[in-house]
Amino acid sequence: MSTISEKILAKASNQETVSAGDFIKTKVDVALNHDVTSVLAFEAMYQMGAEKVWDPDKVVMILDHVAPPSSINSARVHNVIRDFVKAQDMKNFFDVNSGVCHQVLPEHGFVKPGMLVIGADSHTCTHGAFGAFATGVGSTDMGAVLARGKTWLRVPETIKVNVNGSLGEYVHPKDVILRIAKEIGVSGATYMTLEYHGKVVEEMSVAGRMTLCNMAIEMGGKAGICEADQKTIDWLDQRTSGPYDLVKADKDAVYKETLDLDLTGMEPQVACPHNVDNVKDVSELGKVKINQAFIGSCTNGRLEDLEQAHALLKGRQVHPDVRVLIVPASRAVYKKALQKGIIEDFIDSGAIVSNPSCAACFGGHIGLLGPGERGISTSNRNFRGRQGSPEAEVYLSSASVAAASALTGYITHPEEVA
Amino acid sequence: MLLKGNVWKYGDNVNTDYIIPGRYMELTDPEEMAEKVFEEHDPSFRKGVKPGDIVVGRTNFGCGSSREHAPIALKGNGVSIVLAESFARIFYRNAINIGLPALECPGIHDAAEKGDVLEVDVTGGLVRNLSNGKELRFKPLPPFMVEVLNAGGLAPYLNKTEEW
Numbered sequence: 040m041s042t043i044s045e046k047i048l049a050k051a052s053n054q055e056t057v058s059a060g061d062f063i064k065t066k067v068d069v070a071l072n073h074d075v076t077s078v079l080a081f082e083a084m085y086q087m088g089a090e091k092v093w094d095p096d097k098v099v100m101i102l103d104h105v106a107p108p109s110s111i112n113s114a115r116v117h118n119v120i121r122d123f124v125k126a127q128d129m130k131n132f133f134d135v136n137s138g139v140c141h142q143v144l145p146e147h148g149f150v151k152p153g154m155l156v157i158g159a160d161s162h163t164c165t166h167g168a169f170g171a172f173a174t175g176v177g178s179t180d181m182g183a184v185l186a187r188g189k190t191w192l193r194v195p196e197t198i199k200v201n202v203n204g205s206l207g208e209y210v211h212p213k214d215v216i217l218r219i220a221k222e223i224g225v226s227g228a229t230y231m232t233l234e235y236h237g238k239v240v241e242e243m244s245v246a247g248r249m250t251l252c253n254m255a256i257e258m259g260g261k262a263g264i265c266e267a268d269q270k271t272i273d274w275l276d277q278r279t280s281g282p283y284d285l286v287k288a289d290k291d292a293v294y295k296e297t298l299d300l301d302l303t304g305m306e307p308q309v310a311c312p313h314n315v316d317n318v319k320d321v322s323e324l325g326k327v328k329i330n331q332a333f334i335g336s337c338t339n340g341r342l343e344d345l346e347q348a349h350a351l352l353k354g355r356q357v358h359p360d361v362r363v364l365i366v367p368a369s370r371a372v373y374k375k376a377l378q379k380g381i382i383e384d385f386i387d388s389g390a391i392v393s394n395p396s397c398a399a400c401f402g403g404h405i406g407l408l409g410p411g412e413r414g415i416s417t418s419n420r421n422f423r424g425r426q427g428s429p430e431a432e433v434y435l436s437s438a439s440v441a442a443a444s445a446l447t448g449y450i451t452h453p454e455e456v457a
Numbered sequence: 305m306l307l308k309g310n311v312w313k314y315g316d317n318v319n320t321d322y323i324i325p326g327r328y329m330e331l332t333d334p335e336e337m338a339e340k341v342f343e344e345h346d347p348s349f350r351k352g353v354k355p356g357d358i359v360v361g362r363t364n365f366g367c368g369s370s371r372e373h374a375p376i377a378l379k380g381n382g383v384s385i386v387l388a389e390s391f392a393r394i395f396y397r398n399a400i401n402i403g404l405p406a407l408e409c410p411g412i413h414d415a416a417e418k419g420d421v422l423e424v425d426v427t428g429g430l431v432r433n434l435s436n437g438k439e440l441r442f443k444p445l446p447p448f449m450v451e452v453l454n455a456g457g458l459a460p461y462l463n464k465t466e467e468w
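The listed protein sequences correspond, in order, to chains A and B.
This note's numbering puts the first residue of the first sequence at 40, with every later residue one more than the last.
This note's numbering puts the first residue of the second sequence at 305, with every later residue one more than the last.
Everything labelled a hint here was simulated from the structure, so no lab data went into it.
We put the CB at the ideal spot given by N, CA and C, even for glycine.
Warning: the hint list may mix true and false statements.
What the hints assert, rightly or not - In silico DSBU-like cross-links for lysine-lysine, where the CA-CA straight-line distance does not exceed 30 Å: (1) A:Lys-295 / B:Lys-443; (2) B:Lys-351 / B:Lys-340; (3) A:Lys-287 / A:Lys-270; (4) B:Lys-443 / A:Lys-199; (5) A:Lys-221 / A:Lys-290; (6) B:Lys-340 / B:Lys-418; (7) A:Lys-221 / B:Lys-464; (8) B:Lys-464 / A:Lys-91; (9) A:Lys-199 / A:Lys-66; (10) A:Lys-66 / A:Lys-295; (11) A:Lys-221 / A:Lys-189; (12) B:Lys-313 / B:Lys-443; (13) A:Lys-64 / A:Lys-91; (14) A:Lys-66 / A:Lys-50; (15) A:Lys-295 / A:Lys-319; (16) A:Lys-287 / A:Lys-238; (17) A:Lys-66 / B:Lys-351; (18) A:Lys-375 / A:Lys-270; (19) A:Lys-91 / A:Lys-189; (20) A:Lys-189 / A:Lys-199; (21) A:Lys-125 / A:Lys-66; (22) A:Lys-64 / A:Lys-130; (23) A:Lys-64 / B:Lys-443; (24) A:Lys-189 / B:Lys-443; (25) A:Lys-199 / A:Lys-238; (26) A:Lys-374 / A:Lys-125; (27) A:Lys-66 / A:Lys-270; (28) A:Lys-64 / B:Lys-464; (29) B:Lys-351 / B:Lys-313; (30) B:Lys-464 / A:Lys-97; (31) B:Lys-464 / A:Lys-189; (32) A:Lys-50 / B:Lys-351; (33) A:Lys-50 / A:Lys-189; (34) A:Lys-64 / A:Lys-97; (35) B:Lys-351 / B:Lys-308; (36) B:Lys-313 / A:Lys-66; (37) B:Lys-464 / A:Lys-125.
Stated by the list, open to error - To list a few chain A residues with every Cβ distance to chain B over 10 Å, as calculated: (38) His-104; (39) Glu-241; (40) Glu-266.
Make the full structure from the sequences, and use the hints.
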C-alpha cells in the first residue's frame, strides 16, 4: 500500500516500509551541484569536519547558472569550484560549455529509476521524470551530503494527478503543468509529492515528463514523479545501462488527494504575473505586447521545445520590437538542433541563439528585462523581478506560444500564425 | 530559547527572489548577501532593521529557489526568527540549518502589525505580542531541530555528532 515515494525512500533508508510523515535518515545515490550554491556547500562540509567528499563518483558538478561568467565574481566562484573538483578527485565535472544541470545530469546517465537524487537546486524534482525520487535542498544540507553521503527527510504525502483526454495540436506538456498549477495553487503541494498518472502522461515523451516534474516545486512540492516505463528504459539505454528499479505505486497506495483532469479541448495556457498559478487560457489575455521572448531552461529548452518553436519561426521574421532569445538546454540538444538545420532557421528569423546555460530564467546572467518591459518565457518562475527589473512582467508559456508571440509582438495563440 | 524583537510584516508567497535577487547568487560572503536583502521588495528593511527583529509572513514564506543566500541575508541583518502561517520546505530547512529559527505559527499574520514587539518562547511554543497583549501558541519544533538550532546550525551540529 505504498506510493512511489514511500517505496524509494524505504529502500534508500534500508527499511521494509516507510509511511508519509515518518522522519528518515537516508543514504543518497547522486548529489547534484551547480555554480551558485556549491561554494556555500563546500564551506558547510568543512565546518562539519570533513576534508573529503564521501564518494567523489556520486557527486556531479555542473557550471550552468552564470555560464560563461558575466561578472568578475562569478569567474572567481567558478575557479573556486574547479579547484575543489581537482582536490576532491571528482571526475563528474561539467564546465561552462555543458548546459543546464537538470538536462546534463540525465543525459550523461547519472539518473536511474528508483534512485534518491539530492540536488542543491530547487528544480532537482525534474529527475522524477525517470521514476526516481529527486528533491532540492540548500547548501548546508548539501554540505552534509558531501560530508556523509546522507540526509534527513520527512516522507511526503502524495497527491495523485490523473491527466486524461486528448491534447490539441498546440497543447504541450508545459500547458498541462500550468493547468495543474492553476488547480493546485502555488502552495497546494507543500511538502508533498506529485505523482503523475493517466493516458496523457503515459503517451508523453520523456522530455515532456521532465517538464511536468520540473514544476512540482512551483506548487510547493518536494518531488514530482512519473512511473518509469518502456519509454524511460529506451531513453536511458542510449545513455547508461541497467539494471533499473522500475518502482510502481501499489494499487492500494494511500494518497492525500487525487486530482482528475480531462484536458480535451484545453487551450494553450499562460501563467500571468506574478505567480505561477495565475494561469489563463491564451485567448483570455487580449493583446498583451511583449519586448522579449525567451525559449530555453530546464523546463523547456529541450529538442522538442526547439522543434515546436521552429515549426512557427521557420522562414519568417520575428517582430522588430521583440528580442528573441533561444537557449538550448544542453550541448547535446544544441548539436542535434544544429544538425537538423533548426539553429540556422532561428538565426535567419532574427532570433539570438546563445550557448546552453540557465540564461534568462533566473535573472542573473543574460537576457534581463528593463523597467516597464514584458517578457514571455518558457521557464518556470514569473515572480516579480525574476528576470530583471521589479517593474517588468514575466509570462510563462510553452515554446509554441512563445514563438507565436515572437512573431506578432503580443502574446499569441499559435493557431493565429500557423 | 526566548527571543524578543520588532515586527517586519509581509504577506503571502514571499519568495527567495524577493529576499535576495538571482543576480546576487554569485555572492559567497554573508555580509555582502546581507547588504542586498529585500533590495527591491522593501528597501526600508535594510535601513531600519535592528538586531533581534522578527520577520512575520503569511503563507508559503520562502518559496522558490533553494538559495541559502535568503535566510543568510535575513540572519546577517540580525533577524532573530521568522514566523509565518506556513513555509516553503527548502527555505524552512535552510533557515534551521544555518541556525535561524523558523516557526509555523497559525494566526500570527493577524496577530501582529509592523513595529509590534513580540516575545517568542521557541521551545515553549508561545508568542506574546507585547504591543497588543495577544498570545498565540504553536507546535514546538521537534527535538532534533532544537538541537541543531542550539548548536548554531547543522554544520556545527554535525561537527560534534558522529552518528548521522
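Here is what the structure says about each hint:
Between A:Lys-295 and B:Lys-443 the alpha-carbon distance is near 22 Å, which keeps this suggested pair within the 30 Å criterion. The hinted pair formed by B:Lys-351 and B:Lys-340 meets the criterion: a straight-line CA distance of about 11 Å does not exceed 30 Å. As the CA atoms of A:Lys-287 and A:Lys-270 are separated by approximately 15 Å, the hinted pair is consistent with the 30 Å bound. Restraint check for B:Lys-443 and A:Lys-199: satisfied, since their Cα atoms lie roughly 29 Å apart, inside the 30 Å limit.
For the hint linking A:Lys-221 to A:Lys-290, the alpha-carbon distance of about 27 Å falls within 30 Å, and the restraint holds. As the CA atoms of B:Lys-340 and B:Lys-418 are separated by approximately 21 Å, the hinted pair is consistent with the 30 Å bound. The suggested pairing of A:Lys-221 with B:Lys-464 is violated, with an alpha-carbon distance near 45 Å, which exceeds 30 Å. With a C-alpha separation of about 17 Å, the suggested pairing of B:Lys-464 with A:Lys-91 holds against the 30 Å cut-off.
With a C-alpha separation of about 26 Å, the suggested pair A:Lys-199 and A:Lys-66 falls inside the 30 Å cut-off, and the hint holds. Of the supplied pair hints, the one linking A:Lys-66 and A:Lys-295 holds, its CA atoms being roughly 26 Å apart against a limit of 30 Å. Among the hinted pairs, A:Lys-221 with A:Lys-189 is inconsistent with the structure: their alpha-carbon atoms are about 35 Å apart, more than 30 Å. Of the pairs offered as hints, the one joining B:Lys-313 and B:Lys-443 holds, with about 21 Å between alpha carbons and a cut-off of 30 Å not exceeded.
As the CA atoms of A:Lys-64 and A:Lys-91 are separated by approximately 21 Å, the hinted pair is consistent with the 30 Å bound. Taken as a hint, the A:Lys-66 and A:Lys-50 pair is honoured in the structure, with Cα atoms around 10 Å apart against an allowance of 30 Å. For the suggested pair A:Lys-295 and A:Lys-319, the alpha carbons sit about 27 Å apart, so the restraint of at most 30 Å is met. With a C-alpha separation of about 16 Å, the suggested pairing of A:Lys-287 with A:Lys-238 holds against the 30 Å cut-off.
With a C-alpha separation of about 44 Å, the suggested pairing of A:Lys-66 with B:Lys-351 is violated against the 30 Å cut-off. Only pairs whose Cα atoms come within 30 Å are accepted, and A:Lys-375 paired with A:Lys-270 is accepted, the gap being roughly 20 Å. At most 30 Å may separate the alpha-carbon atoms for a hinted pair to count; A:Lys-91 and A:Lys-189 meet this at roughly 14 Å. Taking the CA atoms of A:Lys-189 and A:Lys-199, the gap is about 28 Å. The hint holds against a cut of 30 Å.
A C-alpha spacing of about 24 Å is found between A:Lys-125 and A:Lys-66, which places the hinted pair at or below 30 Å, so the restraint holds. Distance restraint check for A:Lys-64 and A:Lys-130: the Cα-Cα separation of roughly 27 Å lies within the 30 Å cut-off, and the hinted pair is therefore satisfied. For the given pair, A:Lys-64 sits about 23 Å from B:Lys-443 by alpha-carbon distance, which is consistent with the 30 Å threshold. Restraint check: the Cα-Cα separation between A:Lys-189 and B:Lys-443 comes to about 27 Å, which is no more than 30 Å; the hinted pair holds.
For the proposed pair A:Lys-199 and A:Lys-238, the alpha carbon gap of about 14 Å is at most 30 Å, so the pair holds. Between A:Lys-374 and A:Lys-125, the direct Cα distance comes to roughly 28 Å. Compliance with the 30 Å bound is thereby established for this hinted pair. Annotation: proposed proximity of A:Lys-66 to A:Lys-270 holds, straight-line Cα distance about 28 Å (limit 30 Å). Between A:Lys-64 and B:Lys-464 the alpha-carbon distance is near 17 Å, which keeps this suggested pair within the 30 Å criterion.
With a CA separation close to 15 Å, the supplied pair B:Lys-351 and B:Lys-313 stays within the 30 Å bound. A distance of roughly 25 Å separates the Cα atoms of B:Lys-464 and A:Lys-97; the hinted pair therefore holds under the 30 Å criterion. Proposed proximity of B:Lys-464 and A:Lys-189 is supported: the alpha carbons are some 16 Å apart, at most 30 Å. The straight-line distance between the Cα atoms of A:Lys-50 and B:Lys-351 is roughly 50 Å, outside the 30 Å bound, and the hint therefore fails.
With a CA separation close to 14 Å, the supplied pair A:Lys-50 and A:Lys-189 stays within the 30 Å bound. Taking the CA atoms of A:Lys-64 and A:Lys-97, the gap is near 18 Å; set against the 30 Å cutoff, the hint holds. For a cut-off of 30 Å, the pair hint linking B:Lys-351 to B:Lys-308 stands: about 20 Å separates their Cα positions. Taking the CA atoms of B:Lys-313 and A:Lys-66, the gap is about 39 Å. The hint is violated against a cut of 30 Å.
Distance restraint check for B:Lys-464 and A:Lys-125: the Cα-Cα separation of roughly 28 Å lies within the 30 Å cut-off, and the hinted pair is therefore satisfied. Distance check on A:His-104: its Cβ comes as close as 7 Å (rounded) to a Cβ of chain B, failing to clear the 10 Å threshold; non-interface status is violated. With a least CB separation of 29 Å from chain B, A:Glu-241 remains clear of the 10 Å interface cut-off, as annotated. Taking the minimum C-beta to C-beta distance to chain B, about 24 Å, the non-interface status of A:Glu-266 holds against the 10 Å cut.
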